[in-house]
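Protein chains: 2
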Amino acid sequence: MEVFNYSKSQKYAADIDSIKEAHTRIIPYIHKTPVFSSTSLDSISGKQLFFKCECFQKGGSFKIRGASNAIFSLEDDQAAKGVVTHSSGNHAAAVSLAAKLRGIPAYVIIPKNAPICKVENVKRYGGQIIWSEATLQSRESTATEVQQRTGANLIHPFNDKRIISGQGTVTLELLEQAPELDTIIVPISGGGLISGITLAAKSINPSIRVLAAEPKGADDSARSKLAGRIVHLSETNTIADGLRASLGDLTWPVVRDLVDDVIVVDDEEIVEAMRLCYEVLKVAVEPSGAIGLAAVLSDQCKKKSYWREMKNIGIILSGGNVDLGILWELLKANI
Amino acid sequence: MEVFNYSKSQKYAADIDSIKEAHTRIIPYIHKTPVFSSTSLDSISGKQLFFKCECFQKGGSFKIRGASNAIFSLEDDQAAKGVVTHSSGNHAAAVSLAAKLRGIPAYVIIPKNAPICKVENVKRYGGQIIWSEATLQSRESTATEVQQRTGANLIHPFNDKRIISGQGTVTLELLEQAPELDTIIVPISGGGLISGITLAAKSINPSIRVLAAEPKGADDSARSKLAGRIVHLSETNTIADGLRASLGDLTWPVVRDLVDDVIVVDDEEIVEAMRLCYEVLKVAVEPSGAIGLAAVLSDQCKKKSYWREMKNIGIILSGGNVDLGILWELLKANI
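Protein chains in written order, with the UniProt record's numbering: chain A, 1 to 335; chain B, 1 to 335.
Same shape as in the complex, but just chain A (with noise of 0.2 Å):
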């Protein structure tokens, strides 16, 4: 089973090919999530807006699309030995389920500090935990050991060619479902889900404009687009606990040379895009979902020179892992 054909000499990490195959492969293991409209949000924010409701993906966000491309992509006497990851977020959970489906071993390593729900999700979809410390280096490190031992394929969340194409799928049904569209505004980290995105939409409408939505506290991609470098933030600082993540080597030239801009929001704008999409939309996003709500409403995105342009806007509400556990408490404790 060869499939993945990059020996063509190309700029970047996927092409529409890779995408329309990497969504041929998953078709069975993923929803076509809807594309909700509100016109309520439409006079908000004087656009018309189309959301992407990855929310209702299977494990709850997009991660399910790269993961189950890269799992199903294994030749069958290396997807035998498993695979790894060492994400602690959507990517571990989507890894578990895919693996699961697939029926082999998911190793996933996880930082002691990681959010319970998020390690619940693992177990769930049956991902066997193994715990490391909190850094990064201890992360890689247990990651390489696990690899050693198992003889497991390593399965990045975004900087990995298959995940990319994965990722990338979201647009072949966004673009079915609302042809109309001039803009998409996507969440970016690591910037898997937004090189696939835009990698698939300017081969469809080379006119088309992607946005990337980025929080002010972890604003690496708006620096690297400054710099013409990937920067590093030392520390990042936000609610949207899924856009952490700095670029990497495959991500980071579809961001330079083909994302037309990043608007950046505050987390007090993140907070009041879910208030509307939950209490608009009645739809559960996690903040890094509602990021790209947050964008087309901000003060920054109306003074941009293109503002006018944007007419048709799509919106992926990327995912709807978030601990709620303080509301339910809340309102218990008011019975």
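Some hints here could point you the wrong way.
Treat identical chains as interchangeable: a pair holds within one or across any two.
Claimed, not checked - In silico BS3-like links for lysine-lysine, alpha-carbon gap of 30 Å or less:
hint, residue 1, residue 2
1, Lys47, Lys32
2, Lys32, Lys311
3, Lys332, Lys47
4, Lys332, Lys302
5, Lys202, Lys303
6, Lys311, Lys225
7, Lys202, Lys20
8, Lys202, Lys304
9, Lys332, Lys202
10, Lys47, Lys100
11, Lys32, Lys304
12, Lys303, Lys332
13, Lys47, Lys311
14, Lys304, Lys20
15, Lys302, Lys202
16, Lys332, Lys216
17, Lys47, Lys123
18, Lys332, Lys304
19, Lys202, Lys100
20, Lys11, Lys123
The hints are simulated quantities; they were obtained by calculation from the structure and are not laboratory data.
Got chain A; can you put chain B on it based on the hints?
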């Protein structure tokens, strides 16, 4: 335009014909809401669950179905005088929205103690608010006064043939989307929704089971079924603010004769079901909307003689209009 034909002798306020007629009438004004499923919730409940997401309906609840059926079945000269209602909840918002769609005035009597978010919904849809005292007597006398002054048509939230027929259209969609259902669980308050759903469902499939889900602090329907007559409670106490009404003379016969059973759950079970809707389904329901899931997960339901026969269960997530203000305040305070 002669719309409803109840001249033939019939036992109940609506039938499959009036419900199909309603569906044809309201299709341009409503969403065909999706049916969600979740392997996680199937495994928690041990059943196959099919969630009919009426929280995504226009106006945030199923109420637009009955309201648009009532309003679009008015003769033109009658419609021109507008409509009046004295519900403060989802029905008021739905009447305002349907009246706006028809281009006629909606007079909404709202008690001074109504929750702000419900009042906001009425305002957003252009309803004309007329304040009354909190008592039912004051609301009704204010409504009568408005009726006499304007000639507006009164649209009762549930004890109205047009409303019952409109709410019954949920069944037409649901049994097309999930024909395998053997049971449907429906929140019960005044009984408009469950009457319409039951009349349609038993007409399409006489062996289908329809269960009402009711909060312990407003368990008048369960008591009514036991007593064989409509029981009114002197007070109600439940987090499910949409489920506090008593049955009417048009809904009671359906509940008495055709609704198979009433499952009573407490508020803690409702909050737990809300949590599962948010955290697993990623659907932001109001407490009243989550009660069907609470019912199927309750110990009480597992003790029923018919529990083992329940396999494929439709659950109506009836609405999503809930004020989560405290959550956003907490999140913002922690930024």
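Okay, the hints, checked on the actual structure:
no. : hint              : result
1   : Lys47 <-> Lys32   : both (25 Å within a copy, 24 Å between copies)
2   : Lys32 <-> Lys311  : both (24 Å within a copy, 26 Å between copies)
3   : Lys332 <-> Lys47  : between (39 Å within a copy, 26 Å between copies)
4   : Lys332 <-> Lys302 : between (41 Å within a copy, 23 Å between copies)
5   : Lys202 <-> Lys303 : within (24 Å within a copy, 57 Å between copies)
6   : Lys311 <-> Lys225 : within (25 Å within a copy, 55 Å between copies)
7   : Lys202 <-> Lys20  : within (14 Å within a copy, 45 Å between copies)
8   : Lys202 <-> Lys304 : within (21 Å within a copy, 57 Å between copies)
9   : Lys332 <-> Lys202 : neither (49 Å within a copy, 37 Å between copies)
10  : Lys47 <-> Lys100  : between (41 Å within a copy, 21 Å between copies)
11  : Lys32 <-> Lys304  : neither (33 Å within a copy, 37 Å between copies)
12  : Lys303 <-> Lys332 : between (44 Å within a copy, 25 Å between copies)
13  : Lys47 <-> Lys311  : within (5 Å within a copy, 44 Å between copies)
14  : Lys304 <-> Lys20  : neither (33 Å within a copy, 50 Å between copies)
15  : Lys302 <-> Lys202 : within (23 Å within a copy, 54 Å between copies)
16  : Lys332 <-> Lys216 : between (34 Å within a copy, 15 Å between copies)
17  : Lys47 <-> Lys123  : between (41 Å within a copy, 22 Å between copies)
18  : Lys332 <-> Lys304 : between (45 Å within a copy, 27 Å between copies)
19  : Lys202 <-> Lys100 : neither (34 Å within a copy, 40 Å between copies)
20  : Lys11 <-> Lys123  : neither (38 Å within a copy, 54 Å between copies)
Of the numbered hints given earlier, the model fails hints 9, 11, 14, 19 and 20; all others are met.
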